Each structure stands twice: as C-alpha cells, then as structure tokens.
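With the hints as your guide, set chain X onto chain L.
Protein chains: 2
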Amino acid sequence: MSVRGSLVVISGFSGVGKGTVIRQLLESEKGYALSVSATTRGMRAGETDGVHYFFRTEEEFRRMIEQDELLEHACYCNHYYGTPRAFVEEKLAAGVHVLLEIDTQGARQIRRSYPDALLVFIMPPDAQELRRRLTGRGTEEKAVIRERLQRAAGEADVIEEYDYILVNDQPDACARRLHELIGCQQYRVSRNAEQIRRIRSEIKAFESV
Amino acid sequence: MSVRGSLVVISGFSGVGKGTVIRQLLESEKGYALSVSATTRGMRAGETDGVHYFFRTEEEFRRMIEQDELLEHACYCNHYYGTPRAFVEEKLAAGVHVLLEIDTQGARQIRRSYPDALLVFIMPPDAQELRRRLTGRGTEEKAVIRERLQRAAGEADVIEEYDYILVNDQPDACARRLHELIGCQQYRVSRNAEQIRRIRSEIKAFESV
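Keeping their order, the protein sequence lines are chains L and X. Going left to right, the first sequence walks through residues 1 to 209 as the numbering used here numbers them. Going left to right, the second sequence walks through residues 210 to 418 as the numbering used here numbers them.
Looking at chain L on its own, in the form it has when it is part of the complex (with noise of 0.2 Å):
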C-alpha cells in the first residue's frame, strides 16, 4: 500500500551484537540499506570514508548542523557523530527501509522527526552474557568498565521510548524477527493516510448517488 521505505532505529547496550545482526539483515533480505555516519573522529586502520563513515572536519560537520544536514548528532569523547539526512530521505524515498544504529540519545531526536520511525532497542539473551560483554574479559581499565556500565544504566531508564525489543539469542534468529517487524510497519494506519482519504471521499460519493 505504502511505497516508501520505513526508518529504522537500531538502539542497545555496547557489545550486545547489533551490528551483527544488522549485517545478517543486510545480507538475508533485499530493500534494505545501512546509514552511514559523519564523524569528526580520525580515520582508523581498514576504515574507508563513505563506507564505515563519512569523515569529516570539525569545522565541516558544525557547516552540516547549521545547514539542517543532519538527522541527529551527538558527541562522545570530544568527537562529533552524526547522521546524515540526504541519504536517508533518498533511500526513504526510493522504498528501501534504512536502518540508523545509533543511541538512545539519537533516537530520541529521530523520533522527533520522524514520528514513524520503528524504534528497536536489542537485548542480550540474559544478565551472564550482559556482564561478560560490558565488563570485558577483566583485561581492561576499571574506569573504561565504570564508563560503559553507567552508559547501559542510562540507556536501560529510556528503554521505553522505543517500540519494540528484540533478544540477541542468535544473530540470525534476531534479524528475521526484525525483517517481521519492519514488513508489519507498511500496515500502520500513519503509514496508510492517503488511502484513508480516498476511502473517505468515495463513501461520500456514494452518499450522494
């Protein structure tokens, strides 16, 4: 019925798999695309601009925000992050659902502007696998634990915002309920506004045969 895409918010706590299961969706189904990021923070080894992000200056990213370039950004240890709009509009536009891993800050600000958006926060399978995978393997620095364990606490207060969960028990199992998910959005009667009108008027029509 709706020919465009759906936006799909991708939220959940630091290392509990998302972007595997966003690269199984990729790979399993077709119509789908991944935003890329703009960010302010260095290239790294085997990252290539335009494909893991869009790299960009500090002074260029501040252009993209004064300018309304941006979805929503963010900045984490003194790096900007971003997404950017003509890129998800175009894909949008075109009928492809796109899919934003981003925070919970951010999804706050795309739910601001796209009050369609599907907003899905990722859970791991249980508290064992959650702790493993915040507190690491006890090779790392305490306040680099403490960090990451107050970041989920934050993000575990506004899980509500969002519309769905989903469990993380198995990559592949995830992203098919996901790919269920995001088939059921073209139903939404937000989704469906034009056909409401129509249907509208021609009951009328019939009303005055």
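It is worth saying that the hints were derived from the structure and are not from the lab. Here the structure is a predicted model, which is why all the values come from computation and not from measurement. Glycine included, every Cβ here is placed at the ideal spot set by N, Cα and C. Treat the hints with care, as some may be off.
Stated by the list, open to error - Under 10 Å between C-beta atoms, here's a sample of chain X residues computed to sit facing chain L:
id: 1; residue: R294
id: 2; residue: F296
id: 3; residue: V297
id: 4; residue: V305
id: 5; residue: D312
id: 6; residue: T344
id: 7; residue: T348
id: 8; residue: E349
id: 9; residue: D372
id: 10; residue: R400
id: 11; residue: N401
id: 12; residue: A402
id: 13; residue: I405
Leaving out everything else, chain X in the frame of chain L:
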C-alpha cells in the same frame, strides 16, 4: 518473552469480510480464541447460545453492565451488544490471543481499558467492491442502504484511532498478515515491563561490584 496473549480488535465496514478473515485465522493457526458477545436481541434460526452469542434479557444485560462484567458494550436497533470480560481475561492469562469483532465505538472502549490492545481495521480491496457490499444488489430498501452508508462514513472518520489497516484482497492472505501482526506484539516494549525492570536491576548490581 511475554506469555500473556494479545487482545486484538477487528473492525471494518459492513460486508468487508471480517468474519471470513477471522474464521480463516482460527482454522489455520493455533493459540487464538474468538470472543463471544452477549446480546439482548432474539436468537435467530441456526444460532446457538454460547456459540454465536450469549443471549440475555435486557435485565440480565443491565446487571452485567452494573457489575462491570463487560469490557465494552453498545446499542444498535434497540438491542444491546457487549463483550463479557471473564472469557477474555481467562484466555489472555492462558497465553491465548483473543479476537474481538466489534465496531469503532467498542474499539474505543477497549483501548481505554487495554492500552496494549491491537486495533486492526479491515479495508475492502477497492471502491467498487466496497460500493457493491454497502449498497447491495439493488434489492434492498433505500433507507437500509442509506443507514449503512452513514455508518460506514462514521467508521471511516475514526480509522486513525486504529493501529493497523489490512486490505482484505483474499481472506487467507489477509488472515496470514493478521497473524504476522499479532506475532510481533510480543516484542512491544509495553509488553515487556518485567524484562526491562530485571535488566535495570542487573546493571545496577554490576555497578556495585
């Protein structure tokens, strides 16, 4: 994750085939139950008490309203119709999805008591088909047709109160889409309050270690 069943409201214009879609779903999938309405209208040939309706006197019906035994109720053509609460509650608690075939007024009452209910509006495939179904084959009284058209116009005015629209192009395909929609309900954040609470307390426990 959540073991409770989903409460699913099915509405749609007169003659759109809601009943056929529901029957198709009940036949092809397990874990569903159709709510049986109570009514004060007389039993017709071929109808069975407790199967098609719970046939009640007006006095009995009014007592059910007073004792809050109905989830919703409405009056048409001088007869009362309502949804008995006990059956719905029992099935939901047993993890069974309960289908309610009710009108837009009833849907609104359900939404108030069950914010988590899934409200689905079934649409005709096209205007010609809708016209045929609403106006009949020219053998019906004009007053009946006029009333049906007015009612359809009233229903069309409140479609935005529903969550999803499904087009009944083919009853089996429509039932399959309905099944998918209902299957996704278990992932809704509002259905997983307990899991969210647990993960929060677990993260807090990690922090204190």
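The hints, checked one at a time:
1. R294: violated, 27 Å
2. F296: Not OK, violated: F296(X) not within 10 Å of chain L, min 27 Å.
3. V297: Violated: closest Cβ of chain L sits about 23 Å from V297(X), beyond 10 Å.
4. V305: violated, 21 Å
5. D312: Since the shortest Cβ distance to chain L is 16 Å, the answer is violated.
6. T344: holds, 7 Å
7. T348: violated, 17 Å
8. E349: violated, 14 Å
9. D372: Interface hint status for D372(X): holds (6 Å vs cutoff 10 Å).
10. R400: Since the shortest Cβ distance to chain L is 9 Å, the answer is holds.
11. N401: holds, 5 Å
12. A402: holds, 8 Å
13. I405: Nearest chain L Cβ about 5 Å off; hint holds.
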